[in-house]
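Line by line, the protein sequences give chains A and B. Counting in our numbering, the first sequence runs from 1 upward without gaps. Counting in our numbering, the second sequence runs from 1001 upward without gaps.
Hints in this document: simulated from the structure, not taken from any laboratory. Mixed in with the good hints, there may be bad ones.
Pulled from the structure, derived: some chain B residues nowhere near chain A, Cβ distances all over 10 Å [claimed, not checked]:
hint : residue
1    : Arg-1010
2    : Lys-1015
3    : Arg-1164
Sample of chain A residues facing chain B (criterion: CB under 8 Å; computed from the structure) [what the hints assert, rightly or not]:
hint : residue
4    : Leu-210
5    : Glu-217
6    : Gln-228
Just so it is clear, CB atoms sit at the ideal spot from N, CA and C, and this is done for glycine as well.
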Amino acid sequence: MTLLNRVAGARPGTGGRLSRLLTIELVVFVLFALMPLLLGLVWSEDDSFFWIVFTTKVLILSLFGLSFDLAWGYAGLMSFGQALFFGGAGYVVAVMSRDLDVSSIFIVLPVAVAVGLVLATLLAAFLLTGSRTPSIIFVAFGTLTGSFAAERLARAWYYLGGQNGVSVTKALTIGDMPLYEGVGFYYLAFGFLVVVYIGCRFLVRSQFGLVLAGIREREERITFLGYQVQLTRAIIFALSGAIAGLGGGLYAFHEGFVWPALMGPIYSTQAMLYVMLGGVSTLIGAVIGVTAIEFATIILIDYLRDFWIIILGVLLLLVIMFRRTGLLGMIVSERERIGSFRWRGANGKPDSRGD
Amino acid sequence: MALLEVKGARKSYGKLIALDMVDLAVESQQFHGLIGPNGSGKSTLLKCIAGAEYPEEGTLSFLDKDISTTPPAIRARRGMSLKFQITSVFNLLSVYDNILLSIQAAHSLWQLAGSRSRQILHPQVMDILSEFRIESRADDLAGELSHGEQQWLEIAMALAPGPRLLLLDEPTAGMSPEERRVTGELLRPIKARCSILIVEHDLDFIKDLSDVITVLDQGRVLDNGTPEQIEASERVREVYVTRV
Chain A
1 MTLLNRVAGA RPGTGGRLSR LLTIELVVFV LFALMPLLLG LVWSEDDSFF
51 WIVFTTKVLI LSLFGLSFDL AWGYAGLMSF GQALFFGGAG YVVAVMSRDL
101 DVSSIFIVLP VAVAVGLVLA TLLAAFLLTG SRTPSIIFVA FGTLTGSFAA
151 ERLARAWYYL GGQNGVSVTK ALTIGDMPLY EGVGFYYLAF GFLVVVYIGC
201 RFLVRSQFGL VLAGIREREE RITFLGYQVQ LTRAIIFALS GAIAGLGGGL
251 YAFHEGFVWP ALMGPIYSTQ AMLYVMLGGV STLIGAVIGV TAIEFATIIL
301 IDYLRDFWII ILGVLLLLVI MFRRTGLLGM IVSERERIGS FRWRGANGKP
351 DSRGD
Chain B
1001 MALLEVKGAR KSYGKLIALD MVDLAVESQQ FHGLIGPNGS GKSTLLKCIA
1051 GAEYPEEGTL SFLDKDISTT PPAIRARRGM SLKFQITSVF NLLSVYDNIL
1101 LSIQAAHSLW QLAGSRSRQI LHPQVMDILS EFRIESRADD LAGELSHGEQ
1151 QWLEIAMALA PGPRLLLLDE PTAGMSPEER RVTGELLRPI KARCSILIVE
1201 HDLDFIKDLS DVITVLDQGR VLDNGTPEQI EASERVREVY VTRV
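Here chain A stands alone, though its shape is the one from the complex:
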């Protein structure tokens, strides 16, 4: 547990106990790992299948939410165009599947990651490399414009299916084995989420993460320490684009089609809402936000129908107005969210200097 606490950057003096944040993370991932089993115990086979398919979508969207949290929560870049990377990658793999007959996981997912990475890198180069420090509004509008333009392009371009989008009729394949909706796809998405999450966790708790924490608090000050702030931000933005691209690639094959709105401002806003509700700058907040919103929507929409979207909107507004740190902010302190970057020896204990 000491290693886990170190990864989580637990506050000193917790005596080896799990930090709250790490406890929440473990609970969330253990629940997701056991979900197909639990669903099978509670529901009939058909109902269980429905919920497994639905939860797979939640896992994939969690990658999307995670990508936004990385950009906004850690690099301070208000990306109102995060869906561009998600939907853009989805479109590319959908077209590859349709026109080139390619559906191997070893080809389509690296391509999806590359598409997200390249699009985000290009956008970062455009938005972040000016002579002046870009403001939050500049970045927000710049990314929003990119997302909006991509959606309009997809709607108007016949090759991309226009308003109808592109169907993905082939299943994702691992070698010769097709991977259809269900338990197999669920654990594939879960595996990717775990790997990406751990990677992001190590990064934000690394010395690089300390730089990001410094940028968030005092951007001007950190420049005078010798850090290249915009380059650091661009790297995180590119990484967030790559993660969104991975999510988009998986989403296209899981849902079976892609459509213009997947690249547009509505989905971009959705990513923002996931993170705002769950808890910004926590990573796990993005996963919790996606889970809460998607499950609440599918459960309550049957009962509340047209009113649900209004209730959801008001709920989100209340959270943003009164609890800007999201749901997780009610449980986890700011200090724990940022973590400690101090070297604590091989055993995670203070060194012998009595400190």
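Based on these hints, arrange chain B on the given structure of chain A.
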């Protein structure tokens, strides 16, 4: 060749001329004081040297290279370190992490992503905390420190990367007399490690520390010399002492 050389620096804000043809040279291992009344251009000059502002005319050279238009991050990487006038430590980070953040700036982002130097830098972080007498506060948030301790932390952050030139903008601002005395004690041994350009209001504080003092008045250099020469200067006495 001086470590830092400013020649003919001019800077204005609208009609207000903050710096008017200012020349300044800081030699290696020199403790150089910069004094003057309010509005004399001390902080503007320091900002121009650090890269927070760019002079409209004149040249700045550091380690024999022209840095007139060099961004502040590059100046910092070349060995120039700044302590701001208004305390600007990272309040949400621990005292330890503030120092680590300043020391690790010389490392590549790739190294930082792998946390490869965290263990190596640990003794350096503890040494500098110990030197500035805040070792016991290492795990406290920087925002929880007293004003004086925050000033020391910020000086420690500026000194930690091992700069060639340390720029200190009013390091004793807002300190109690006892804290000022301790600050003097802390600054004295630093001269052996790097050059220091220090902006101060208080001539009494700076004269015991400085090798050379430059006096600014209304954006111009009024006088330049050893503390004894400056104390004896009629021009300085007339303009500086009577106005501050």
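Q. Should the interface hint for Glu-217 (chain A) be scored as holding, given a Cβ-Cβ cut-off of 8 Å against chain B?
A. 5 Å, holds
Q.
Minimum C-beta separation from Lys-1015 (chain B) to chain A exceeding 10 Å: can you confirm that?
A. 24 Å, holds
Q.
Please check whether the beta-carbon of Arg-1164 (chain B) is more than 10 Å away from every beta-carbon in chain A.
A. 13 Å, holds
Q: Have a go at the Gln-228 (chain A) hint: is there a Cβ in chain B nearer than 8 Å to its own Cβ?
A: This hint holds: Gln-228 (chain A) lies near chain B, its Cβ roughly 5 Å from the closest one there, short of 8 Å.
Q | Least C-beta distance from Arg-1010 (chain B) to chain A larger than 10 Å | A | Arg-1010 (chain B) clear of chain A: closest Cβ-Cβ about 21 Å, beyond 10 Å.
Q) Is the shortest C-beta separation between Leu-210 (chain A) and chain B less than 8 Å? A) OK, holds: Leu-210 (chain A) within 8 Å of chain B, min 6 Å.
The structure agrees with every numbered hint stated previously.
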